[in-house]
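Trainee: Sequence:
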Amino acid sequence: MKANHLLGCEMVPQSLMEASDEYRNGQGRCGTQQPDHPIDGPAINTDQLTTLDVLPSQTVTTRAVSPGQRMKWTNEMNEHIMRSYYLITKNETTKTGYRTRLHELFQLKFPNIHVTVQRVGDQRSAIIRNKYISMRKLNELKQEVAKQLSAEASTMSAVEIDEIISQNTGVLSTEPDNEILKKLEIEFQTAMVEFSGTDPTLRPIIPKQKATKSVAIAISTLNNDILPAFLSERVSTFEELQTAIYVAAITITRYTGGKLLPKAKGKPEKTEPPWKHRLKAQIQKLRAGLGRVTQYIHGNRSKNILNWYESLKKEYKIHSKQDPPNKYAEELLDTLRQKLAIKCNRLRRYTLSDKSKTANAAFQKNERSFYMKLKDNKTTDTAEIPTSAQIESNKIKK
Numbered sequence: 032m033k034a035n036h037l038l039g040c041e042m043v044p045q046s047l048m049e050a051s052d053e054y055r056n057g058q059g060r061c062g063t064q065q066p067d068h069p070i071d072g073p074a075i076n077t078d079q080l081t082t083l084d085v086l087p088s089q090t091v092t093t094r095a096v097s098p099g100q101r102m103k104w105t106n107e108m109n110e111h112i113m114r115s116y117y118l119i120t121k122n123e124t125t126k127t128g129y130r131t132r133l134h135e136l137f138q139l140k141f142p143n144i145h146v147t148v149q150r151v152g153d154q155r156s157a158i159i160r161n162k163y164i165s166m167r168k169l170n171e172l173k174q175e176v177a178k179q180l181s182a183e184a185s186t187m188s189a190v191e192i193d194e195i196i197s198q199n200t201g202v203l204s205t206e207p208d209n210e211i212l213k214k215l216e217i218e219f220q221t222a223m224v225e226f227s228g229t230d231p232t233l234r235p236i237i238p239k240q241k242a243t244k245s246v247a248i249a250i251s252t253l254n255n256d257i258l259p260a261f262l263s264e265r266v267s268t269f270e271e272l273q274t275a276i277y278v279a280a281i282t283i284t285r286y287t288g289g290k291l292l293p294k295a296k297g298k299p300e301k302t303e304p305p306w307k308h309r310l311k312a313q314i315q316k317l318r319a320g321l322g323r324v325t326q327y328i329h330g331n332r333s334k335n336i337l338n339w340y341e342s343l344k345k346e347y348k349i350h351s352k353q354d355p356p357n358k359y360a361e362e363l364l365d366t367l368r369q370k371l372a373i374k375c376n377r378l379r380r381y382t383l384s385d386k387s388k389t390a391n392a393a394f395q396k397n398e399r400s401f402y403m404k405l406k407d408n409k410t411t412d413t414a415e416i417p418t419s420a421q422i423e424s425n426k427i428k429k
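Its first residue numbered 32, the sequence shown is counted upward by one per residue in the numbering used here.
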């Protein structure tokens, strides 16, 4: 008796049948939340409901979507979702960040149906997982998208892209065409006076411009209203043609607020490697120390020499691990000479090794060029060979 009061026995099969129909149509997941209690009120007459105001090609359910009901996804919606998914991801080659764009295309197609980004993404997953669309139909959609992508890649220009953006976003140019043309003409004439007759290799570098709407408008205006008349009247040589093209690029860059890059400088001179720079600095320091110690030994007792001598004596107090510490100026001088000889020999050996490595690399890179450089760098010794008489009389030419 209690069960009959809560739910009529004749309503149980009908409820099960409605739930089964919902899951077959892809409605049984990720929709609006079901209320805890049935909604009271009279039954809705579906014959009196009107269809949603959508595009002529759209067909949506005429059933009212109340807070307690789930939206019905039609075959047209599912096919549009999959077609848009293939188009955005370029047939699943780039799947990064496609959900937001997929939701935008769905809203453009069905503006009166309000669903979230997550819901559209979940419906795409449900279509594939539950096979709401057959594999044959999915393959047909992929082929259609592939043809569309191929056609767009070969025919779409910057102006056409700008027109598509304007149609989808409703953003129109706020600057009159005559004013744009006037500004571009002034900029073009100014740049022509500035760069006409200059060396093309010394002109500033034009940076790459972003594909924005202002760039597309400037390119279209130059191509249609400025360049044709200028090329037909004032261009007769290749240099003038190159200058006109360069000036047109400069005009667009300056009109859109871009900055020109300075001319790239020549290849910088090859700097010394760090090890060579360090060794040269150490050798220079030792030579300076040798000079100051020599001055001290020769009797120079100026304040500067005394300070340097005491500093060097502390720095080079130990000659080697086996020898006693340096006590006299002559011992310090000998230590500095030996260290200087070691550093000079090391620099000589490292330089020869580095030169050999560089030559081996040049030989491996281009053998012919390597031999040509050897031939060019070959020096001839023009010094006269001394005779025996000159050697004996010490008249060798130096």
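Think of the hints as simulated: they come from the structure by calculation, not from any bench. Keep in mind it's a predicted model, so treat the numbers as computed, not measured. Among the clues, some could well be false.
[To be verified] List of simulated lysine-lysine pairs, DSS-like, C-alpha gap at most 25 angstroms:
(1) 140 <-> 162
(2) 352 <-> 388
(3) 241 <-> 213
(4) 370 <-> 358
(5) 345 <-> 406
(6) 290 <-> 239
(7) 358 <-> 345
(8) 334 <-> 352
(9) 213 <-> 121
(10) 307 <-> 290
(11) 162 <-> 173
(12) 311 <-> 348
(13) 140 <-> 121
(14) 406 <-> 388
(15) 358 <-> 374
(16) 344 <-> 316
(17) 352 <-> 316
(18) 316 <-> 388
(19) 386 <-> 311
(20) 168 <-> 140
(21) 358 <-> 334
Trainee: Okay, which hints does this one fail, numbers in order?
Mentor: Those not satisfied are hints 2, 5, 8, 9, 10 and 18.
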